[in-house]
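Asker: Here's the letter readout for the chains.
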Amino acid sequence: MRSLVCALMLFTAIPSWASNPAIDFMNGLAQEVIETGIQGTQTNDEREAFIREKFTTILDLKSIGQFVLGTYWKKADEAQRQEFLSAFTELLTKTWSDRFSMYSGQEVVFSGTRNAQQKNQLYVDSSIPGNPPVEIIWRIRPKDKGYVIIDIVIEDVSMAMSYRSEYTTFLQQHQGNLQDLINELKKKAANFKYSDKK
Amino acid sequence: MSIGSGIFKIALMASLVTGCASMSPEAENDPLEPMNRGIFEFNDVMDTYLLHPIATGYRDVVPEFVRNSVGNFFSTLNQPAHFMNAILQGQLKDAASILGRTSVNLTFGFFGLFDVASEAGIPNPENDFGQTLAKWGWHEGGPFLMLPFLGPSNVRDTIGLGVDAAADPVYWRLRHGDERVLIYSGYALNSLQKRANILELTDNLKSSSTDYYAAMRTMYKQNRKKKINQVLPISDEQSNDYEFDFEIEDE
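Residue numbers (our numbering), protein chains in the order written: chain D, 1 to 198; chain C, 1 to 251.
Extracted from the complex, chain D is given alone in its bound form (with noise of 0.2 Å):
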């Protein structure tokens, strides 16, 4: 009962002590992003050598990869877990590398943190400024001594639920042939197609 108290205790400690640490860590994540990532690298191979690097250590791979395949990760077994993350990060880091190409150097504004209704997560409010303002939100979770993102959520377009309703929505036409989405993703990273740019 006494640890539970603590962790309780703990928990909604979080917004007075995480705030900042967890702003600190977005605001050096997005200026390394744009100066090294973006800024830095001039072809596409560049872009995704960092990009690939960047993301195996901030995102929780593992995590969004058990989440976009819902009931059909438990299915599986390691051998094609990990043939499914690394095909899965493959394309994941074609398609980022290319939309962060399209940045222009609009300024990303992060404005507080929020926990989340999961143990141990925590929202981080940011927006793009405009008309509307675009409202970019991080959910992000502690690990090691910083942190790891598991969603991005753009003006409540969660990436993570998009790509499991893709996913499982893909399983489904497929009779749950897990080896066929593995296949289509390597498929699609192998052919990915650079957007031209104007």
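Be aware that one or more of the hints could be misleading.
Here are the simulated EDC-like pairs of lysine to aspartate or glutamate, each with C-alpha atoms no more than 16 Å apart in a straight line [what the hints assert, rightly or not]:
| id | chain 1 | residue 1 | chain 2 | residue 2 |
| --- | --- | --- | --- | --- |
| 1 | C | K194 | C | D47 |
| 2 | C | K206 | C | D44 |
| 3 | D | K193 | C | D203 |
| 4 | D | K145 | D | D24 |
| 5 | D | K188 | D | E83 |
| 6 | D | K119 | C | E247 |
| 7 | C | K206 | C | D47 |
| 8 | C | K206 | D | E184 |
| 9 | D | K62 | C | E247 |
| 10 | D | K62 | D | D45 |
| 11 | C | K206 | C | E41 |
| 12 | D | K119 | C | E243 |
| 13 | C | K194 | C | E64 |
| 14 | D | K74 | C | E247 |
| 15 | C | K206 | D | D196 |
| 16 | C | K226 | D | E184 |
| 17 | D | K193 | D | D45 |
| 18 | D | K188 | C | D203 |
| 19 | D | K119 | C | D245 |
What the hints contain is simulated information worked out from the structure, not anything from laboratory work.
Starting from the structure of chain D, add chain C where the hints point.
Answerer: Here is chain C on its own, set in the frame of chain D:
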């Protein structure tokens, strides 16, 4: 274009919609999926071979400031419908913003060609009749629908689209005789303008999706839920669809 506004525009493009209290991919409310997929494929073919190439040419040839003015002009034309809906929804603050921005843009913005109101920080709420119906009690929009040429919607919001179109004063002014060609030209130019704004983003989504239809459907529905929640008197907790359990193991 920023990354965030890019994704936002993808979600909006999907607006070229049924929320449930907690979005779950297993409950997409899409009983007409086979038909919807057929229409989606038709739209995609039309886009690939017609709209996308024309929009690419339009973007490459027409300078950005001219394209912005075209967008501003059509946005101004939509303001009477937005104002009507804000009043019907009892959103008086939105109504005041719409009235303010229309007055400013029609005068200082040279008949709506320049968005001076946004520069002055006046919000652009864009209230629609689908929201109005939600406010009047039709919270869930009914089955998901894919409309030919217009894209994702649902039963409620399809009715809303029709009412909003009928609330267009330009339509009523030019609906007779040869002047109708101006209406159709305007619709075409407006669609071209919107399509040109999101070319790279839809290319990106199409390249990266294992199921383009499902990706578009979920993004549209989540974003639409946000617009509906803006006019409903429900708690913050209920309105946050992104507050799902992440089911993280080992915690």
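Asker: Would you mind marking each hint as holding or not holding in the structure?
Answerer: Verification of the supplied hints:
1. C:K194 - C:D47: holds, 13 Å
2. C:K206 - C:D44: holds, 10 Å
3. D:K193 - C:D203: Cα-Cα ~8 Å, so holds.
4. D:K145 - D:D24: holds, 13 Å
5. D:K188 - D:E83: holds, 15 Å
6. D:K119 - C:E247: holds, 11 Å
7. C:K206 - C:D47: Since the Cα atoms of C:K206 and C:D47 sit roughly 12 Å apart, the hinted pair holds (cutoff 16 Å).
8. C:K206 - D:E184: holds, 13 Å
9. D:K62 - C:E247: Given that 16 Å is the threshold and the Cα spacing comes to 11 Å, the pair holds.
10. D:K62 - D:D45: violated, 25 Å
11. C:K206 - C:E41: holds, 13 Å
12. D:K119 - C:E243: holds, 12 Å
13. C:K194 - C:E64: holds, 13 Å
14. D:K74 - C:E247: holds, 12 Å
15. C:K206 - D:D196: Distance ~13 Å between C:K206 and D:D196 Cα, so the pair holds.
16. C:K226 - D:E184: violated, 31 Å
17. D:K193 - D:D45: holds, 13 Å
18. D:K188 - C:D203: This hinted pair holds, its Cα atoms lying about 13 Å apart.
19. D:K119 - C:D245: holds, 10 Å
The structure fails hints 10 and 16 (numbered hints given earlier, in ascending order).
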